[in-house]
Amino acid sequence: MSRLLDETRGVLDHAITVLAGDPHAVATLTAHRARLGGPLRVALAGSIKTGKSTLLNALVGEQIAPTGVGECTRVTTHYADGPSPRIGVTYRGTRRDADPVELPALHRRGSLVIETERLDLARVAALHVDWPTQHLRDVTLIDTPGVDSAVTRSVWGQPDADDSTPIDAVVHLVRHLHEPDVAFLESYGDRVAENVGAAGTLVVLSRADEVGGGRVDAVMAAQQVARRYRTDPALRPWCATTTTVAGLVAETARTLRGVEFTALRTLARLDRAELDAQLLTADRFVAASGVLPSGTRLALLDRFGLFGVRLATSLLRRGVDDSAALAAELARRSGLDELRDILATRFLARRDVFQARSALLAVDRLLARARNAPTAGGPSRPSPVPRPAPAGLAALAEDVERVRAGAHGIVELDTLTRLRRRPLDVPGRGAGLSAEAERLLGDQGPSASARLGVAEETGAGELRAVALAALGRWRGHAENPLADPDTVETVQVVLRSLEGMLAELPRPVPVGV
Amino acid sequence: MEGQRPGPDRDEARAVTALAVRAASAYGRPDLAADLGAAADRLADPGARVLVVGDFKQGKSSLVSELAGAAVCPVHDDVATRLPTVVRHGPEPAAVLVGTDDEGTEVRRRVGTTELTAAVTGRAVDGAGWRHAEVELPDGLVGDGLVLVDTPGEGGPRSARGLAVRAGFPAAHAVVVVTDASRELTAPELDLLRAADRQCATVVVALTRIDLHPRWREVRDLDLHHLRAHDLPQVRVVGVSASLAAHARRTGDDALLAESGVPALAGLLRAEVADPAGARHAVAVLDQVAEAVTEFSAALEAERVGLEDPERAAGMAAELTAARDRAAELRERSARWQQTLADGVTDLVSDIDWDLRDRIRHVVRAGEEALDAADPASSWDTFAPWFTEEISEAVTTTFIWAGERTWRLAERVAEHFALSGDSVRSQLPGAPSVVPPGAQALVAGRPEPPESPLEQTMPGGMVVRAELPDVPGIDLPELEKIGWANGLVVGMRGSYGGVLMVGMVTTLSGLALINPFSVGAGVLLGSKTIHDERKRALQRRRAEAKQAVRRHGDEVLHLAGKRSRDLLRDVQRTLRDHFTAQAESLARSVSEAVTAAAAAQEIESGRRERRLRDVQAELARVELLAGRVATCRAGFVAALQRAGNPRATRAPGSSPHDRALTGSGVA
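Taken in order, these protein sequences are the chains called C and E. For the first sequence, this note's numbering gives the first residue as 144, with consecutive numbering after it. For the second sequence, this note's numbering gives the first residue as 623, with consecutive numbering after it.
These are calculated hints, taken from the structure and not from any lab test. Check each hint, because a few of them may be wrong.
[As the list claims (entries may be wrong)] Computed Cβ-Cβ distance ranges for the label pairs, DEER-style: (1) E:G889 x C:L249: 44 to 50 Å; (2) E:A988 x C:G549: 41 to 47 Å; (3) C:A467 x E:D843: 36 to 42 Å; (4) C:E599 x E:R987: 56 to 62 Å; (5) E:Q856 x C:G462: 38 to 44 Å; (6) E:A851 x C:R427: 29 to 35 Å; (7) C:S457 x E:A995: 52 to 58 Å.
Note that beta-carbon positions come from the ideal geometry of N, C-alpha and C, so glycine has one too.
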């Protein structure tokens, strides 16, 4: 496949031979090697009831993650594509004989049921759900317990979490980005996201339908909020971008059932004032007599939320008249389409780079541990100077550095992360320049048109001209005598990105004789 | 409650107080009349504070607006409340912004709705200096004497804002924790509830936005389950919908209003907070009236005895003279309460100073360790806010502790004064020989002092035990008179709404410290040099950064130390002036009795009969007044006992939560 992945595989093989004496290291390395070229691993994180599982279902288009009124996800759960439904269980430490290796994959009304009652959740490291679906072919989704749960402790608190669950990108769900969320992003930016960095983190303002009391324009209001967050200096260092999604509506849009469409159409045919009175509160809607029994009404609310019912009936009134069109419109308005688009252009398009990067980081960590580990002869005495590394470790470290330096994609990700924290400091041209640098480094997606900020269908000749112009400008920045070393370094990376892009664009056919 | 007998009767309480004021002036005691006049004013405003707290964007402001019955707190989809808003009773609707200017004096400005909104949501151009907003409304829940405080979002226990909110708990009568019906209580919310429960009698969870969530009852049950699991079974959960209440208010639909749950919450607050607080207040005021009546009737009583029975009068005159001497002693510097006060303040100054130094030393040390672990050039941006926060937390903790200790000192001074003062007062002719019935209930239920643990772990791991002498039968209603409802705070009534200040004492001057005006300056300065030095060696950067940290610690210590000493001296002066005035009033009562008894001896026998009849008639009137006061008081006491405040029966220190607080210290 790609050269980067081949080289990374080579480094991992090298590491496996060097660290053969440490079974834990070998297991970690083998796991990384096996998943190179496989799906991207994206974790969904956030406090409780931010709609992580709901969003997961929306992304997959099926109800496979359990959702409900109370706290649902008590243990980290991996959802991956597989030939047949299967739920595997892994444990912290060694498995006891009574511990089940698998849970039965039960279906109930079109959704997967995960029976965790038989498990000792304190010792379960993770659940691994295999589910045959094309939507998990490129990405493995990892659902996590809420971070401020009153019941469970979060996985992010576990020091060994990142080795057993390598993560390439994080979708962080928040209800509102006020100080506590930012503080959380900071604290966890140091832990999990040390693999991921700001370039691999996406902040999603979830439950957008509840902004402003569930008005029909709630998602629009939420999008305005998200736009503001995009430029919020407090948030910039911690994520690549922000967007909004009304998770429940999105999930239902992807899994809309015929009976639900019929029920909604029945409601939409009611007198407008009457329906508005019923939709004043959830309690009133359920208790209202007339066209639908209260059980159906409650089920509708569970699936759509009050906002969803308001939105769907108003869409039906305005002429959306079949189930597929309603689902499409709901998905668009819920913000799901935009979220999928961001995931595709910013994360999936660079799957190789993300995977290679987290694999190399894992090797780095194991190397550091091997260097600090006491020698076999017993506890070593403290020494004021660093102990010289054994020759094997040094060679491996060199190997890692060689691959990393050669992989410009990884350098770009690290530079992006650094840029988010400390924007370019060129006298007289601050923010605009940083934004351009981020774009050229592939912040908006790695294609040439996205990097250059021109329309997708732009011809190669024009792309070339724009790229050459940018190259000229950025060479000027590199020669600025006032620039500090950080800036010069960043500018060099940008120049290399531009040169790489120019090299890949088709050469212009020489004109004339 | 009104229909039962004997019930609390506010009008009667006002009437007897007004009558006593007139009587005091008529009997030539303008000093007592002035005291009683102030008490009568207090009767009108018990000021039971309800703090509305919770995470960001849970609907606090809309709930406060609906409880108050008017859209007073700005509500926004995104922008959150930045300034606390105090909603209280006033003759007409008005809004005032309160802040401090550069010299530290209080600034108040009347504003319109637009400006209020801008300031409260932090978008005003000159918004930096405002500390809180006050809104006055003529009716609604605040008309019953409740003061509602809308707070900015609680940013977790470690944030400066979270600390400021929690620091308001001891001064609040009730805390309403607002949480969204879309999810069960989170771990930080449970922490907040536990902190509130430890320091407040009434804690309620308001589950908002029930109109949006069909399964809010399930969420409520989950919440109740969590509360039981965390040993907070006494916390109630009430489902409310502010937007529904607003809709009902616009359309005038009473059924809808009831459905919104807001009236139920308002009723709960009225029954458990406003009424008992009003009753306690009334009892305290009526006690003061009863004492004043005893004092000004003493001269009449002495005269009557002198007129009726000259032989007994001689003995009484001797007793009275001895009492007069003792009353005079009370005013002297050598009086026991004066000693207690002087010694107590000296001890406090030294303890607080040590505490402050120790805490700041620990923070500085932790800061230096953190700087050793990383390159200041890259870590400074996160380090500086962290350090500032740690420093403010250290200073705040000290000031909270100082507040508690000061409160205890005031209690002890009051006790010692009461012990001597009562022995004088019991010598007064006509004085009741027993404590009025119901006084004991009042002792247990008194709302004002912060119920905080008696022990506090200092940073060094040392446990400091605050002395709370357990003397039975102390005349505790006496405390109400010097108490935080009147004496100490009367001079700063304007900023009394700032209950978000740390404890009682810091209301005097502590807030400026927590508002880290001083705390920020040094670090900013340091930050600049650190960044300028980026090209130099790492060691050099570390040294510079550490120096900035130490300098900042010194700066804060310098300012905070000065402030805490000023504060304690203020307290000392206030207490001394208050009790000296009390002693003077008492001495005057005794000496007037002495004079009256002597005058009675010398009156001619012809006029004696007529004078006796006059005095008896006067005394009968006074007794009638005393009787009315006693009946009225009994009504309020009965209401209090019916209200059955759960906190009243819980002995301080017995709660298992207290240990958790003392154990935490400064982490």
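Status of the hints after comparison with the structure:
1. E:G889 x C:L249: 44 to 50 Å: At 47 Å between Cβs, range holds.
2. E:A988 x C:G549: 41 to 47 Å: About 42 Å separates the Cβ atoms of A988 of chain E and G549 of chain C, which means 41 to 47 Å holds.
3. C:A467 x E:D843: 36 to 42 Å: holds (39 Å)
4. C:E599 x E:R987: 56 to 62 Å: holds (57 Å)
5. E:Q856 x C:G462: 38 to 44 Å: Violated: the Cβ-Cβ distance is about 55 Å, outside 38 to 44 Å.
6. E:A851 x C:R427: 29 to 35 Å: holds (33 Å)
7. C:S457 x E:A995: 52 to 58 Å: Holds: the Cβ-Cβ distance is about 57 Å, inside 52 to 58 Å.
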